[in-house]
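*Asks:* Spelled out from the first residue to the last, the chains are:
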Amino acid sequence: MNQYTFAAIHRNVLLGAIGLGIVCMILTWFGDTDAYHTRFWTNFLHNSVYFTMISVMALFFIATCITAYAGWHTTFKRVWEAYSMFLFVGLALLLIVAFGVYFHWHHLYHWADEAGVQEDAILKGKSSFLNKNWYLFGTLIFVGTWAFFATKLRSLSLEEDKSGNNSFAQHKKMRVYAAVFLPIIGFTSAAMLWQWVMSVDAHWYSTLFAWYSTASAFVSMIALTILLIIFLKSNGYYGEVNANHIHDLGKFLFAISVFWTYLWFSQFMLIWYANIGEETIYFRERYDNYPVLFFGNLIINFLVPFFILMRNDTKRKFGSVSFVAIICLLGHWIDYFLMIKPGALINLQHAVGAGHSDAHGTEAGHEVAAGAGHAAEHTSQFVAGFSMPGLLEIGTFIGFLGLFLYVALTILSKSALVPKNDPYLEESIHHHVI
Amino acid sequence: MANNNHTEVIFGLYDDEEDLLRAVKAAKRDHLDIYDVFTPFPVHGLDPILGLEESRLHQAGFIYGALGTLTAFLGMTWIFTKDWPSIFGGKPYWSVPAFIPITFEMTVLFAAIGMTVTFYIINGLGPGVVNTYLDDRITDDKFCIAFDKSSVSVEDAQSFFKATGASEVNSKTI
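So the sequences go chain by chain: R and E. Residues in the first sequence are numbered from 1 upward in steps of one, following this note's numbering. Residues in the second sequence are numbered from 435 upward in steps of one, following this note's numbering.
Quick caveat, the hints were computed from the structure, so don't treat them as lab data. It cannot be assumed that every hint is accurate.
Computed list of lysine to any residue pairs in SDA-like fashion (alpha-carbon distance at most 20 Å, straight line) [stated by the list, open to error]:
{"no.": "1", "chain 1": "R", "residue 1": "132", "chain 2": "R", "residue 2": "176"}
{"no.": "2", "chain 1": "E", "residue 1": "525", "chain 2": "R", "residue 2": "270"}
{"no.": "3", "chain 1": "R", "residue 1": "251", "chain 2": "E", "residue 2": "568"}
{"no.": "4", "chain 1": "R", "residue 1": "152", "chain 2": "R", "residue 2": "88"}
{"no.": "5", "chain 1": "E", "residue 1": "525", "chain 2": "R", "residue 2": "278"}
{"no.": "6", "chain 1": "E", "residue 1": "459", "chain 2": "R", "residue 2": "432"}
{"no.": "7", "chain 1": "R", "residue 1": "317", "chain 2": "E", "residue 2": "488"}
{"no.": "8", "chain 1": "E", "residue 1": "525", "chain 2": "R", "residue 2": "287"}
{"no.": "9", "chain 1": "E", "residue 1": "606", "chain 2": "E", "residue 2": "568"}
{"no.": "10", "chain 1": "R", "residue 1": "420", "chain 2": "R", "residue 2": "242"}
{"no.": "11", "chain 1": "R", "residue 1": "251", "chain 2": "R", "residue 2": "427"}
{"no.": "12", "chain 1": "R", "residue 1": "173", "chain 2": "R", "residue 2": "65"}
{"no.": "13", "chain 1": "E", "residue 1": "459", "chain 2": "R", "residue 2": "434"}
{"no.": "14", "chain 1": "E", "residue 1": "462", "chain 2": "E", "residue 2": "477"}
{"no.": "15", "chain 1": "E", "residue 1": "525", "chain 2": "R", "residue 2": "280"}
{"no.": "16", "chain 1": "E", "residue 1": "525", "chain 2": "R", "residue 2": "267"}
{"no.": "17", "chain 1": "R", "residue 1": "126", "chain 2": "R", "residue 2": "281"}
Values in this document were obtained by computation on a predicted structure and should not be read as measured data.
Chain R on its own, in the form it takes in the complex:
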């Protein structure tokens, strides 16, 4: 079967998941005790960024494979093309956050508080990049550019199905688009991760952060690819995709998990070793107040894939590889949770502690407000939805996952599952790794 039909039962399950997500988001909105609805907005930002990054990593990997003359993925490259089309939805979701910055719907970012920035030397210094115009411009133009390349690569691939021949005209064009896209994604993904995620902790920065969070998204993308391919195979599709392809995806899951660990550790160790207050604050906060997630993150995202996928046969057996893929998908979602929630909670406590009152006027007042914020945070170790993902967070995640898969499967049902006339198709069908 080379034509995927989006079965009604799968459609209903995914619509149910989306419904659950919407219900959870509504419950979060009304359950929020603060005026900024920070728990709702952090969930929204967290999941939007997570799935947009998964989608752009799929596009990045298509472009990488084309540029590297790689052919092993050709039989299932439609899955990545389908993932990359989620960028349009991701753009819409992140534009909501960007307009939120513009119109002060939320207080996710300390730098968005213009009065506060004027009193804060560090934020003032960063204000040429961390400002609402840049945030909106970056989201709109950069993600728009990614979506443009995604559309272009997919439409060329579909055109190749129809009219491809031995001159490989479409593939040659794809090669140009892929090569142009790679430097663009290199710079823009870093810039957008600084804006979306790192600037939640606006005083803090790390030059490794973009690499680290991109590696996290890449692992999630590979994990989701493995799971979707195994799901499609179990429904009788993709007979051409076999244990050899899953083995290679498993190798990527293993290798990039190790790469992620390397970056996680490098970022931690350099900051720990230098021991400069404004750098260590990021880890101090997570180490003291989120120890379970902080170390759990490392265990499930490093030790589990490392020890389970170390052997050849565990990468080839669908059971073991999909087990690790599920763990990694959730693990890296928790990784993004840890990047966003602690900083957002501090921002909230600053805003509430300062209350935009008269204490806010002076530098000393700012310190008092900060102290009050920290005191509040230390008296209550557990803050629902911030210290640990609660049921509403998990429900929201299921909703976004449902949306992502709904979009991907809808796109997938619109074209042949295995591309025709691709120059690397035969290579991929006969792919053998051992």
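Chain E: place on chain R using the hints.
*Replies:* Relative to chain R, chain E alone:
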């Protein structure tokens, strides 16, 4: 394998790896006991047809790596807490994050050297070792199937090589 007992082998040379793969399959079908197969490069799909077991070299590699991890980590722990405690940058004596890069390097070093040495020993290789070989050209452009004369008769072997299209058939004592 290093072997002091001389073995009389009869071997056929093929010009193409596809011919070799077909011949190996035919030998398996005819229940001819293959002594060994030599190719100038790894031929895809040959191992499963020959029924070779997965190499256990990587298991040895894991053990060497784990030894490296323990040596480095326990070594540094002992040095910096018991033998010669020193304070660097105000950090505690037992500074685990600072040990990690060295532990990683030692793991890689132990695994790499251990696996190389193990590979050399089990294959009877090494500097100054003279190895017997069947034909120079099996390191260049010929693909070779060899039979032990004690388990496969010369007539059987010759008719097999003829049937499967070997370009040359020779005998040698190794």
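*Asks:* Hint check: residue 525(E) vs residue 287(R), CA-CA at most 20 Å. Holds or violated?
*Replies:* This hinted pair holds, its Cα atoms lying about 17 Å apart.
*Asks:* Does the structure keep residue 132(R) and residue 176(R) at a Cα separation of 20 Å or less?
*Replies:* violated (34 Å)
*Asks:* Is residue 525(E) close enough to residue 267(R), meaning Cα to Cα at most 20 Å?
*Replies:* Within the cut-off at roughly 17 Å; holds.
*Asks:* Next pair to validate is residue 606(E) with residue 568(E); report whether the Cα-Cα distance is within 20 Å.
*Replies:* Within the cut-off at roughly 7 Å; holds.
*Asks:* Quick one, are residue 420(R) and residue 242(R) close enough, alpha carbons at most 20 Å?
*Replies:* With Cα atoms ~18 Å apart, residue 420(R) and residue 242(R) stay inside 20 Å; holds.
*Asks:* Holds or violated: residue 459(E) and residue 432(R), Cα atoms, limit 20 Å.
*Replies:* Satisfied, since the Cα-Cα distance of roughly 18 Å is no more than 20 Å.
*Asks:* Verify the proposed pairing of residue 251(R) with residue 427(R), using a straight-line Cα cut of 20 Å.
*Replies:* holds (19 Å)
*Asks:* Measure nothing beyond the straight line between the CA atoms of residue 251(R) and residue 568(E); if it is 20 Å or shorter, mark the hint as holding.
*Replies:* violated (38 Å)
*Asks:* Are residue 152(R) and residue 88(R) close enough, with their CA atoms no more than 20 Å apart?
*Replies:* holds (13 Å)
*Asks:* Take a quick look at whether residue 126(R) and residue 281(R) sit within 20 Å of each other, Cα to Cα.
*Replies:* Distance ~18 Å between residue 126(R) and residue 281(R) Cα, so the pair holds.
*Asks:* Checking one constraint from the list: CA of residue 173(R) to CA of residue 65(R), max 20 Å. Satisfied?
*Replies:* Holds: residue 173(R) and residue 65(R) sit about 14 Å apart, inside 20 Å.
*Asks:* Holds or violated: are the alpha carbons of residue 525(E) and residue 280(R) at most 20 Å from each other?
*Replies:* Roughly 14 Å between the alpha carbons, so the hint for residue 525(E) and residue 280(R) holds.
The structure fails hints 1 and 3 (numbered hints given earlier, in ascending order).
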